[in-house]
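Enquirer: This is what each chain is made of:
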Amino acid sequence: MYKALNIVSIGLVLLLGLFSCSEDKKEEENDIDFDQPALLENLYLVIAPNYNQLNSSLSELNVKVDSFIRSPKTQTLNEVRNAFELSYNNWQKVSFLEFGPAASVGLRTAVNVYPTDINIIEQNISSNSYNLDAFSNLAAKGFPAIDYLLYSKSDSSTLSDFNDNNRKLYLENVCKKLATQISQVNNEWNTSYKETFKSQIGTDIGSSIGLLINNLNQHYERNFRDGKIGIPLGIRSSGVVRLNDIEAKNSEISFDLIKSNFDAMKNIYFGKNGIGLDDYLNASNASDINSIISSQITKIESELSQFNGNMVDAIQNQNQELLATYQEIQKLIVYWKVDMPSRLGILITYQDNDGD
Amino acid sequence: MVNTFNTKKWITASVPIEPLAVFRIVFSGIMLLSTIRFALNGWIYELYVLPKYYFTYYGFEWVRPIGEIGMYVVFICLGISFLFQLLGYFYRFASFFSFTAFTYIELIDKTNYLNHYYFVSLICFLLIFVPANRNYSLDIKYRKLKPYSDIPAWTLNIFKLQLVLVYLFAGIAKLNYDWMVEALPLKLWLPSKSNLPLIGFLFKFEWLAFLFSWFGAIYDLTIWYFLLKRNTRMWAYFFVIIFHLLTWILFPIGVFPYVMIGTTIIFFSTEFHNQFLKKLGFKTFYEPTRKDYKYPSYVKKPLLCLIVIYVLFQLIIPFRYLAYPDNLFWREEGYRFSWRVMLMEKAGYAIFKVNDKKTGKNWEVNNYDFLTPNQEKMMSTQPDMILQFAHYLNQHYLNKGLEDIEITVSSYVSLNGSISQLYIDPNVDLIKEKESFLPKSFILPKPNR
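Protein chains in written order, with our numbering: chain A, 1 to 356; chain B, 357 to 805.
Isolated chain B, as found in the complex:
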């Protein structure tokens, strides 16, 4: 990284608390707005009340939605909790609650998985353990917690590290043949914007897809370095804004650009953050002499272990796909939680076929009787969800008294514009297949172009 790694500088040294306080305020503020937006869009009902079935995560099958009123209450509490976090009022409890509630919501249905939701969960988790409320907060003003002017460097740098990893892994993920050599999927996506006003005419050119693909890859791979260096930081941040606003214009990716633009200011200098707080009218509670925040000795060791394990996980998880055969984009084993954002154009169609062995009757399932359009769309391209749905159907028919049935699926998938191909072995009885971390034998090999 920058010269040789300096333990003291990055981990143990005392640094001013301002950047962390600003991070707390900005992140919580964006999340508060994002929660309100989610509610106003009617998504609480649409995503967590309306569906008959939810695609749970492996090992988290026990996570269930808690009914209409319950879900609204969870979201209201989550919003209040982000507000408390922003104000730094009962901060430790609020940040713990935010993490738990947000992660709970995300675990209900993997249909709704987005990398930026995962990112939010991680940031919420880390915020529990840092003293972001020890200045510029209501905890100091009203709850008379001791204010501090300085904090251990790692409590700030862990967030920078997390952001660096997001960018870096997103960049590494782009280093594949389709993205770099074929400019896919941007070559498919951009021309549809060619009738936009002003800049639209540019999108018909094929070279623009190459330009964007390479710009995106180089940006993701290098931007963190320029953000870390003081001299290039302002220009790097300028590129951060350009890049994310561009993605916001072109793609329906919600608040993600704002989360990234907002959280990236943690790279800025203390002076910047001082100014920022002053402009917002926040006053420091610690004057005139400085005082370092120190963790009590009994938490130091467990906390160290926790953070080391956390970082190791973050480094390993995006590479877990290497343990699986064939093409990652086709099989999607080890695809989630790896910062693979807007990487491929994938669509599918799955026809589930039931064979009642007792009566010899055959029929096809109306997926729309059980799933929302979004659930069906997501399920059609992801083998673990196809398997889950087959088991759900089996349970449905068992309840109807059909005890000896076979469920197969004829599913077709198109990846990056290739003509749709058979995806799952249509002869495999999915009821007999079990979910696990092992490679799924029923996925057919990716066809050659």
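Extracted from the complex, chain A is given alone in its bound form:
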């Protein structure tokens, strides 16, 4: 009997207090009912077409490369350049998705290491013996290598350079390798990874939302803010301007790429026309954070609109404006990396954690 009483008492003490307090706030409608699968469904619809688009533009590039190396002349050169610029822009729409299929092949380092290494490229061309999968050739392939091959010299010099069969072959191999690797990742997004992405719900480190936000932020910091702007500008490279480290240095489409990249990240945040991270924040009683983020995105877009094409010109002639733009870009990472995960309950964690 005494024992039974004790059991009852402990149960009461442990449970009673709880119910008493859960009454207070009932009037407010603060329950958070958000449909994570619907978010993932829509984000898939934002992401997958971008890979498809990139994939077909690379097929097109390879077609143009074919006709260019068959007959190098101004027209074919222009066509191959146009196809390249389109592909490079399309790459920007998926470059920050370095998880799942892209991570397993290390796509970003396979296709966009810059500055490209001219010496290795020229050596490969003259020896005509190279393995593009080798680690030592990471800086001698991908978009930056094509940027060098097609744009680094005047049109006439480029055309005469491409009378060399080795050079033709190298351009062809680099473009084929690029297309193969992208197509592999594209296939996975269309087949096996499709369901994986949609089904990994939750916000832990291995969930799709966790992966997406972590990779978005890491890309935004290192590859967008620093790689595309901060390092060439010197603010992220010990105060030394590094014109050689500019993305698309020869084709001079740096700002097009920057805008494409930012636009694609923005589309992930807003979910394009459907459910996005903005809706997730709103549903999580964090519309204040969403409006701060939204207006910061608008701010960055208008800052970026001052610049066109050539990064070298911007660094030299619009230095202060570019620095100001950089600082606006920097503000967003704080909201994206600190405020958004905090409010969504995303425990960004790498090891065990007891929350302190």
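Since the hints were made in silico from the structure, they are not lab data.
One should not assume that every hint holds.
[As the list claims (entries may be wrong)] Derived DSS-like pairs: lysine-lysine, alpha-carbon spacing no greater than 27 Å straight-line:
#, chain 1, residue 1, chain 2, residue 2
1, A, Lys331, B, Lys647
2, B, Lys713, A, Lys299
3, B, Lys647, B, Lys634
4, A, Lys272, B, Lys560
5, B, Lys634, A, Lys331
6, B, Lys733, A, Lys266
7, A, Lys198, B, Lys560
8, B, Lys733, A, Lys331
[Stated by the list, open to error] If you only want the chain B side, here are some residues facing chain A, beta carbon under 8 Å, derived:
#, residue
9, Ser548
10, Ser550
11, Leu552
12, Ala703
13, Phe708
14, Lys717
15, Phe726
16, Asp760
17, Thr764
18, Gly773
19, Gln777
All values reported here derive from a predicted model rather than from experimental measurement.
Glycine included, each C-beta is placed from N, C-alpha and C at the ideal position.
Could you slot chain B onto chain A? The hints should help.
Expert: Showing chain B alone in chain A's frame:
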């Protein structure tokens, strides 16, 4: 506590050795598995080989990792040592080694501080001084140490006291406005689980965060009492299991729930432990008459002093935060070593700015060039680590020949979901600030909600 405090009953009386022997076996077993898990996760390399820089503890700057092979050797020895401890073979040496090696590893980098690692260090320390190997051990079987059937009560109760303090302080720490009135941070964490199968739908309800917050607080504050009382013990232990399994499902807290579930069985009766040992096939080495373990007279006094000092420290350390101004969660001065577990949602971002006074050049530091993602994350919300990193950067630039620089930081912190705010005074040259136990003047006040 229970009636008036009975010195004889809790300290000097002789009690059966079985609960202590089981404690030795269970704790060492969990630690052995935990060490293996740590290695299999690749964390030895990731945490103690890969980083370029380690955030040492104040006063322990001399504790350094010893290279890749060295660190693997330390972990292998630690695993073997836990195994020896479990078997009670060369127990005194093994327990001393376990404590030293484990504490050494934890002191290397405060990035990896977890309350349960601190708990493990403390238990390892206490195990050195108790006769947990004096029965059911290989020391008796093969090394012919004298077996005993009974031990002084304090050698058992010191572990109970340690567990009581963990629960009690964890409970007291929860008695703050955010936790009790706002149900923060659980209100932020739980809804993200609302798409889990079966129970997921519950997590969208705000009242669940309140329920969990209050349940957690009341549990921590009272569970020890029900564990101490014989009549309620089984039910209390049932709650221990429920509580820790729930935290294990919801949060990435590793082996902590198992450490707590395992060590809490020390509260159980001797009969329970007898059964436990029998089931596992352990045989007592002491029959038929009973014999008390007695410490040699020359260790009694120093040991008494040691234990008294230990307990006093345990009582005082969690309250040391009272010596610091403003909000503890914001400033984190006196936060560690105080059983504050899963108490707040805190995130930050720190931008270090260098000004070379000679050339007038200004730039920002790429933290990721120097720190692992986890180190950067931990550093961004903890002022002592921000200061350490600034000094490390200064040293880095000194080595590069930059002798006259200034390092400031623009850092933003969000606490329990508040919009991120400036954390450190962005005008303070951190190179001129020194680490100490004094309050840090460069931390900005906690903003009002």
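Enquirer: Give a verdict on every hint.
Expert: Going through the hints against the structure:
{"no.": "1", "hint": "Lys331(A) to Lys647(B)", "in the structure": "violated (71 Å)"}
{"no.": "2", "hint": "Lys713(B) to Lys299(A)", "in the structure": "violated (32 Å)"}
{"no.": "3", "hint": "Lys647(B) to Lys634(B)", "in the structure": "holds (20 Å)"}
{"no.": "4", "hint": "Lys272(A) to Lys560(B)", "in the structure": "holds (26 Å)"}
{"no.": "5", "hint": "Lys634(B) to Lys331(A)", "in the structure": "violated (64 Å)"}
{"no.": "6", "hint": "Lys733(B) to Lys266(A)", "in the structure": "holds (24 Å)"}
{"no.": "7", "hint": "Lys198(A) to Lys560(B)", "in the structure": "holds (20 Å)"}
{"no.": "8", "hint": "Lys733(B) to Lys331(A)", "in the structure": "holds (17 Å)"}
{"no.": "9", "hint": "Ser548", "in the structure": "holds (4 Å)"}
{"no.": "10", "hint": "Ser550", "in the structure": "holds (7 Å)"}
{"no.": "11", "hint": "Leu552", "in the structure": "holds (7 Å)"}
{"no.": "12", "hint": "Ala703", "in the structure": "holds (5 Å)"}
{"no.": "13", "hint": "Phe708", "in the structure": "violated (11 Å)"}
{"no.": "14", "hint": "Lys717", "in the structure": "holds (3 Å)"}
{"no.": "15", "hint": "Phe726", "in the structure": "violated (13 Å)"}
{"no.": "16", "hint": "Asp760", "in the structure": "violated (14 Å)"}
{"no.": "17", "hint": "Thr764", "in the structure": "violated (14 Å)"}
{"no.": "18", "hint": "Gly773", "in the structure": "holds (5 Å)"}
{"no.": "19", "hint": "Gln777", "in the structure": "violated (10 Å)"}
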